[in-house]
Amino acid sequence: MSEDAAERVRETVDAVYRSDSRRVLATLIRLLGDFDLAEEALHDAFAAAVERWPRHGVPAKPRAWLVSAGRFKAIDAMRRRARFDASQAELAERLDAPSSDPAGWEDEGVEDDRLRLIFTCCHPALPPDAQVALTLREVCGLTTEEIAHAFLTAPPTVAQRIVRAKTKIRDARIPYQVPSRAELPDRLDTVLHVVYLVFNEGYSASSGASLTRHDLSGEAIRLGRLLIELLPEPEAVGLLALMLLHESRRAARTSPAGELVLLGDQDRSRWNRDQIAEGAALVERALSSRRFGPFTLQAAIAAVHAEAPGAAATDWAQIVGLYDVLVRADPSPVVELNRAAAVAMRDGPSAGLGLIDAILARGDLGDYHLAHSARADLCRRLGRTAEARASYERALGLTRQAPERRFLERRLGELPD
Amino acid sequence: MKYLCLIYDEEKRLGGMSKNESDAFTSEYFAFTEGIRKSGHYLGGEALQPVQTATTVRIRNGKVSATDGPFAETKEQLGGFYLINARDLNDAIQVASKIPSARLGTVEVRPIQEFNQQ
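Chains as they are written, first to last, in numbering that gives the first Met the number 0: chain C, 0 to 416; chain G, 0 to 117.
Among the hints, a few may not be true.
[Unchecked claim] Straight line, CA to CA, 30 Å or less: simulated DSS-like cross-link-like pairs of lysine-lysine:
| # | chain 1 | residue 1 | chain 2 | residue 2 |
| --- | --- | --- | --- | --- |
| 1 | C | 167 | G | 97 |
| 2 | C | 167 | G | 74 |
| 3 | C | 60 | C | 72 |
[What the hints assert, rightly or not] Which chain C residues face chain G? A few, computed with CB under 7 Å, are given here:
| # | residue |
| --- | --- |
| 4 | 170 |
| 5 | 171 |
| 6 | 172 |
| 7 | 173 |
| 8 | 174 |
[As the list claims (entries may be wrong)] Label pairs and their computed distance ranges (CB to CB):
| # | chain 1 | residue 1 | chain 2 | residue 2 | range |
| --- | --- | --- | --- | --- | --- |
| 9 | C | 256 | G | 93 | 52 to 58 Å |
| 10 | C | 363 | G | 93 | 31 to 37 Å |
| 11 | G | 39 | C | 183 | 21 to 27 Å |
| 12 | G | 48 | C | 330 | 38 to 44 Å |
| 13 | G | 12 | C | 181 | 28 to 34 Å |
| 14 | C | 386 | G | 71 | 43 to 49 Å |
| 15 | C | 231 | G | 45 | 44 to 50 Å |
| 16 | G | 53 | C | 183 | 40 to 46 Å |
| 17 | G | 16 | C | 363 | 29 to 35 Å |
In short, the hints are calculated from the structure, not lab data. Being a predicted model, the structure only gives us computed values, none of them experimental. We put the beta carbon where it would ideally sit given N, CA and C, even for glycine.
Chain G on its own, in the form it takes in the complex (with noise of 0.2 Å):
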């Protein structure tokens, strides 16, 4: 079964680590999804450019709108995903644990919705 890891790291303790703190988190994350790769749990996964790049996209009385944002009010902020198989969420738990920003931010594991198309 799929599920998306949705990682939310505060940006702005993430901006405040040194080089050396910086470099060994993104090492970490390597280290992570070369784990996933191997373990046959990784499907895909990205990081985010920060929130400032942003942007909203709706369409309102038939006009499309983008504006800059969302900004919510908020600590943490969408940071990255993974998209990772896992046999049931006591696996899919325990592959969000070894996250790196597990540590720091937030994981939110949410299984993915399978359509019938018959």
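If we strip away everything but chain C, and leave its shape as in the complex, we get (with noise of 0.2 Å):
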């Protein structure tokens, strides 16, 4: 073979490696009944792909070869481990024997297994920790130090959160399989708080210098798409628009100088439309199902907010009416401060500002920086000057993320003496 030809199949391995290496771990996975071996075997058949599709060509079906090798490389592994360890030679035959080659790998039930790789790694038997870091490393690809970078946490503090839940998932014989429908709205809910979660770290980071961290976002994102494609159910969909409609706005939340720029005060040309519009006919699609949930709820506002001109034209009757559907659908203090702000809007500063101190004089929210911000806004407009000094102040003492800092100080130097 010439050096190009080598150097084209070279390639066509790289991409199969971006596309599929996610589908064989999962199938292999099932095959093997072992994250670690899978993994290993993955790894052993990619290996072998690098090696033999030079020589032989590509195969016809790329995939299906690579669980092929992949497995036959773990049988082959634990074989000449059990001449140390004669459980491994119990397993190899178990995986050998003929009713574990099912013909049709590569079609029927590949689908499945992705679905089962999603829902075992976000099991509610691991902690929501490690549900995160099992599904970036395992569904999604990413490294060990990838991860940790994104979470700012130390790459062998991710990795032993993955050890852990991989022991939990062997010991405590967690299966590998799709729930069943009666277990499934549960379930689901799980592995959608997992995306959300991954997509707000990438949103809006919890600390440090950056706002967002754009990559887990996509991840996210990703994420949505593939879970929508093999599970399309209304909050599924409902999730992925909510994510598309923030998304859209994100050239447009920073300015250059990389300050925080508020909702109202966005430069909306600078809103991505082609999100807005796919996020736009998604929340169409959830609330026709009519089995629809807060995620979808928070999609139709989101997408309310996107499809108005600007914030004085913005239906705030009508975001105020779906805050009141998403106040009983998912009662929360957080929904309810929005739910005031948009009151605020609709009704004016005072109206809002009385709801605001409603909930914090119930108690709630008096560590959220959020709703002393938003307390301290209402009272800038009312000109109660004072006040509004005290409430930044206190919003300021609560928030660690830099570009919230410098907006909160901006906001206190601007206000009258």
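Combine the two chains into a complex, taking the hints into account.
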């Protein structure tokens, strides 16, 4: 084979790795019954491809070839280890049995393998930080270092979370399966929360100098797309819509100097119209199912904002109406706070201020910086400068995020004496 | 695979039940046990007497000490257990979620450690 042809085969191997390595892994986990064994087999299968494909040509069904190669490599490895450990011999026998050799590996059930992998990584018996790390590692194919960097943690911490999660999957025997219909709503909810957590971590970092860590949001959107391709449930559709509609504002929410720009002050010509159109269509689709939940409602609110030509021209009555439904569907003080801000836009600052003060008086959100900055903003608009100052200062004491801090300091500086 | 379901109840709350409530709770337990016998999950199970009857045994410096307790400052106390046979953790969770105390207290599901005796 010429140098050129060999180079093209290497490019093919790379392309197959990018498009199919997670699918191959998902199937190998099912066939081998073990995450670590499957990862090793995946690595061996691609190593074999790099060696063989240039000499024998790229197989007609590369994915099936890789699954098969990975499985044989794993059985080989177990047979070698069996000289030292009798239990490995038994496992190798079982895997090599004809019954574990279904003809339809490459087609039937393979999409199910990816769903199995997602539901296993997001099993509620695993701690939330492990669900996130395992999903990014196994489903998205991120390295431990990449995950650690994105979450501002040390790589050994992430590695330990992943090892512990895999140990629990093995020792407590968390099954590699898609939940039954009865369990599905709760289990899907856990998956959606993991995806949203990844998105939010990328959209608004909890601390640090940079407000956005784009890669994580992109990863979450990719996960959202994969999920609705495999399991088109209305709330999964709603979540993807919500992420796209938030993402559409990314370019407008920070100034060229890296300063935070609030929704009302954003340059709407910088919003991504393609993402808005896609998000709005998904909202429609989820709402028409009539089985939607909180993610869809939040997406519907984001869509009303996205379609308004400006802050003043926003349909605030519709937004308040959607918040009314959301407060019933998913009651939480944060949702109430957002509803109060919408009421302030519809009925004026004093109506909103009354609602926020009622939430704070109840003892909720006292430590939440956005509650105090929202209160400060309404006091400022009402000319109650001293109260505004106190609330901005309170908010400042509660946030570590550098752009948020600069924003609050700027607002404080703008207050009249 | 075997799992132990450890049942934690608020003894105070169980003690505060009326006779009717307490009878109903007990018959729920009988029905549950019957159900998992039939389904083949049941391997064993007992209810424990209240934590005031507990004795803690230790050997320290070669001497056996038996003391009253333990009285950890927890709201819920270990009140009983089931040893079950389940296909996997999801199956075990299904069984555990039907234990009557899962509604009032907490059920901890722990896989049994198997030792290879070779």
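Checking hints one by one. Is residue 173 of chain C an interface residue toward chain G, by the C-beta closer than 7 Å rule? 5 Å, holds
C-beta pair residue 39 of chain G, residue 183 of chain C: status relative to the range 21 to 27 Å that was hinted: 25 Å, holds
Please test the hint of 38 to 44 Å on the beta carbon pair from residue 48 of chain G and residue 330 of chain C. Since residue 48 of chain G and residue 330 of chain C have Cβ atoms about 41 Å apart, the given range 38 to 44 Å holds.
Keeping to a limit of 30 Å between CA atoms, is the pair of residue 60 of chain C and residue 72 of chain C held or broken? 18 Å, holds
Satisfaction of the residue 170 of chain C interface hint, Cβ to chain G closer than 7 Å: With Cβ-Cβ at 6 Å, under 7 Å, it holds.
30 Å Cα cutoff - pair residue 167 of chain C, residue 74 of chain G: Given that 30 Å is the threshold and the Cα spacing comes to 27 Å, the pair holds.
Does the beta carbon distance between residue 256 of chain C and residue 93 of chain G stay inside 52 to 58 Å, or does it fall outside? Holds: the Cβ-Cβ distance is about 56 Å, inside 52 to 58 Å.
With 43 to 49 Å as the target window, see if residue 386 of chain C and residue 71 of chain G comply at their CB atoms. 47 Å, holds
Return holds or violated for the Cβ distance of residue 16 of chain G and residue 363 of chain C against the range 29 to 35 Å. 33 Å, holds
Interface hint check: residue 174 of chain C, Cβ to nearest Cβ on chain G, cutoff 7 Å. Holds or violated? Cβ of residue 174 of chain C sits 4 Å from chain G, so the hint holds.
Does the Cβ-Cβ separation between residue 12 of chain G and residue 181 of chain C fall within 28 to 34 Å? Cβ of residue 12 of chain G to Cβ of residue 181 of chain C: about 29 Å, so the range 28 to 34 Å holds.
Could you check the hint for me, namely that residue 363 of chain C and residue 93 of chain G are 31 to 37 Å apart, CB to CB? 36 Å, holds
Of the numbered hints stated above, none is contradicted by the structure.
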